[in-house]
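Oh and the sequence shown: position 146 is 429 in our numbering, straight run, nothing missing.
It is worth saying that the hints were derived from the structure and are not from the lab. Heads up, the beta-carbon is just placed ideally off N, CA and C, and yes, glycines get one too.
Derived CB-CB ranges, DEER-like:
#, residue 1, residue 2, range
1, 293, 347, 27 to 35 Å
2, 296, 350, 30 to 38 Å
3, 386, 304, 25 to 33 Å
4, 285, 389, 17 to 25 Å
5, 387, 344, 17 to 25 Å
6, 284, 389, 21 to 29 Å
7, 291, 347, 29 to 37 Å
8, 310, 285, 18 to 26 Å
9, 337, 310, 32 to 40 Å
10, 389, 292, 19 to 27 Å
11, 402, 284, 16 to 24 Å
12, 313, 399, 26 to 34 Å
Computed list of lysine to any residue pairs in SDA-like fashion (alpha-carbon distance at most 20 Å, straight line):
#, residue 1, residue 2
13, 399, 355
14, 399, 385
15, 399, 287
16, 399, 340
17, 399, 335
18, 399, 336
19, 399, 361
20, 399, 334
21, 399, 342
22, 399, 332
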Amino acid sequence: MTWVLPAVAASAQSARRQVGDLLQAWDLRHLVEDAELIVSELVTNAICHGSDRDPIWHTVRRIRMATGDVIRLEVGDYGRGWSGVLSPPGSDDDIPCSGRGLYLVEALSSDWGTWKLPHGHAVWAALPIDGALVDSAVLPAPRSDRGSS
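With the hints as extra help, turn the sequences into a complete structure.
So this is what it looks like as C-alpha coordinates:
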(Lines of atoms letter the chains of each structure in order from A and count residues from 1; the text may use other names and numbers.)
(Lines give C-alpha, C1' and ligand atoms only; values in the text may rest on other atoms or scores of the structure.)
Protein backbone atom coordinates (compact mmCIF):
# COMPACT_ATOMS: atom_id res chain seq x y z
CA MET A 1 0.00 0.00 0.00
CA THR A 2 1.33 3.47 -0.91
CA TRP A 3 0.30 6.88 0.40
CA VAL A 4 1.24 10.36 -0.83
CA LEU A 5 1.51 13.12 1.77
CA PRO A 6 2.42 16.81 1.74
CA ALA A 7 5.93 17.72 2.92
CA VAL A 8 4.70 19.18 6.22
CA ALA A 9 5.27 18.26 9.86
CA ALA A 10 1.79 16.75 10.28
CA SER A 11 2.63 14.10 7.68
CA ALA A 12 4.80 12.17 10.14
CA GLN A 13 1.76 11.65 12.38
CA SER A 14 -0.40 10.70 9.37
CA ALA A 15 2.18 8.15 8.23
CA ARG A 16 2.37 6.62 11.73
CA ARG A 17 -1.41 6.23 11.80
CA GLN A 18 -1.55 4.77 8.28
CA VAL A 19 1.20 2.22 8.98
CA GLY A 20 -0.23 1.28 12.38
CA ASP A 21 -3.74 0.79 10.97
CA LEU A 22 -2.46 -1.35 8.11
CA LEU A 23 -0.31 -3.59 10.32
CA GLN A 24 -3.20 -4.07 12.73
CA ALA A 25 -5.45 -5.01 9.80
CA TRP A 26 -2.79 -7.55 8.76
CA ASP A 27 -2.80 -8.91 12.36
CA LEU A 28 0.80 -7.79 12.90
CA ARG A 29 0.19 -5.81 16.09
CA HIS A 30 3.59 -6.81 17.47
CA LEU A 31 5.30 -4.70 14.76
CA VAL A 32 3.18 -1.57 15.11
CA GLU A 33 5.28 0.34 17.66
CA ASP A 34 8.61 -0.16 15.86
CA ALA A 35 7.09 0.40 12.41
CA GLU A 36 5.40 3.63 13.51
CA LEU A 37 8.66 4.97 14.93
CA ILE A 38 10.63 3.99 11.83
CA VAL A 39 8.17 5.53 9.37
CA SER A 40 7.97 8.67 11.48
CA GLU A 41 11.77 9.07 11.36
CA LEU A 42 11.93 8.37 7.63
CA VAL A 43 9.10 10.78 6.84
CA THR A 44 10.76 13.45 8.98
CA ASN A 45 14.01 12.96 7.04
CA ALA A 46 12.15 13.22 3.73
CA ILE A 47 10.56 16.47 4.86
CA CYS A 48 13.90 17.86 6.07
CA HIS A 49 15.95 16.87 3.04
CA GLY A 50 13.43 16.64 0.21
CA SER A 51 11.76 19.32 -1.86
CA ASP A 52 9.39 21.52 0.11
CA ARG A 53 7.32 22.05 -3.04
CA ASP A 54 6.68 18.37 -3.77
CA PRO A 55 4.91 15.66 -1.78
CA ILE A 56 6.54 12.69 -0.10
CA TRP A 57 5.32 9.12 -0.35
CA HIS A 58 5.52 6.02 1.80
CA THR A 59 4.86 2.37 1.13
CA VAL A 60 4.37 -0.73 3.27
CA ARG A 61 5.13 -4.08 1.65
CA ARG A 62 4.91 -7.59 3.00
CA ILE A 63 7.65 -9.59 1.33
CA ARG A 64 7.62 -13.37 1.47
CA MET A 65 11.07 -14.93 1.48
CA ALA A 66 12.52 -18.37 2.10
CA THR A 67 14.16 -17.07 5.30
CA GLY A 68 10.92 -15.57 6.64
CA ASP A 69 8.53 -12.78 5.80
CA VAL A 70 9.44 -9.14 6.33
CA ILE A 71 7.59 -5.86 6.34
CA ARG A 72 9.47 -3.29 4.30
CA LEU A 73 8.75 0.38 4.95
CA GLU A 74 9.81 2.78 2.19
CA VAL A 75 9.70 6.58 2.20
CA GLY A 76 10.55 8.69 -0.81
CA ASP A 77 10.96 12.35 -1.64
CA TYR A 78 11.69 14.54 -4.64
CA GLY A 79 14.80 16.16 -3.24
CA ARG A 80 18.47 16.00 -4.11
CA GLY A 81 19.29 14.09 -0.94
CA TRP A 82 21.21 14.89 2.18
CA SER A 83 24.07 17.30 1.67
CA GLY A 84 25.86 16.17 4.83
CA VAL A 85 24.98 19.44 6.56
CA LEU A 86 22.22 19.44 9.14
CA SER A 87 19.56 21.89 8.10
CA PRO A 88 17.70 23.62 10.91
CA PRO A 89 13.93 23.66 10.65
CA GLY A 90 12.38 26.79 9.23
CA SER A 91 10.89 29.33 11.59
CA ASP A 92 7.36 28.08 10.90
CA ASP A 93 8.25 24.38 10.99
CA ASP A 94 8.51 22.15 14.04
CA ILE A 95 10.41 19.32 12.33
CA PRO A 96 13.59 18.41 14.22
CA CYS A 97 16.36 17.76 11.67
CA SER A 98 19.02 16.53 14.07
CA GLY A 99 20.25 13.60 12.00
CA ARG A 100 19.72 11.11 14.85
CA GLY A 101 16.67 9.39 13.36
CA LEU A 102 18.64 6.96 11.22
CA TYR A 103 20.31 5.61 14.37
CA LEU A 104 16.83 4.60 15.55
CA VAL A 105 16.03 3.08 12.16
CA GLU A 106 19.28 1.08 12.31
CA ALA A 107 18.53 -0.13 15.84
CA LEU A 108 14.92 -1.15 15.19
CA SER A 109 15.19 -2.74 11.74
CA SER A 110 16.90 -5.87 10.53
CA ASP A 111 18.26 -3.91 7.56
CA TRP A 112 17.84 -0.56 5.86
CA GLY A 113 19.19 1.31 2.88
CA THR A 114 18.69 4.04 0.32
CA TRP A 115 17.95 4.26 -3.38
CA LYS A 116 18.65 7.13 -5.74
CA LEU A 117 15.57 7.57 -7.90
CA PRO A 118 15.22 9.56 -11.14
CA HIS A 119 13.01 12.00 -9.22
CA GLY A 120 14.62 11.97 -5.75
CA HIS A 121 15.53 9.43 -3.07
CA ALA A 122 13.93 6.62 -1.12
CA VAL A 123 14.94 5.11 2.20
CA TRP A 124 13.71 1.67 3.24
CA ALA A 125 13.80 -0.41 6.40
CA ALA A 126 12.90 -4.07 6.94
CA LEU A 127 11.17 -5.56 9.98
CA PRO A 128 11.08 -9.36 10.22
CA ILE A 129 7.56 -10.52 10.91
CA ASP A 130 8.69 -13.29 13.25
CA GLY A 131 11.11 -10.99 15.08
CA ALA A 132 14.24 -12.82 13.88
CA LEU A 133 17.04 -11.08 12.03
CA VAL A 134 16.86 -11.43 8.26
CA ASP A 135 19.80 -11.85 5.88
CA SER A 136 19.58 -8.62 3.89
CA ALA A 137 21.25 -10.26 0.90
CA VAL A 138 17.98 -12.03 0.09
CA LEU A 139 15.76 -8.94 0.20
CA PRO A 140 14.38 -8.30 -3.28
CA ALA A 141 15.63 -4.73 -3.41
CA PRO A 142 18.33 -2.72 -5.15
CA ARG A 143 21.69 -2.63 -3.41
CA SER A 144 21.91 -0.24 -0.52
CA ASP A 145 24.34 2.63 -1.04
CA ARG A 146 24.55 3.54 2.65
CA GLY A 147 27.97 1.97 3.15
CA SER A 148 29.54 2.39 -0.25
CA SER A 149 31.95 5.09 -1.30
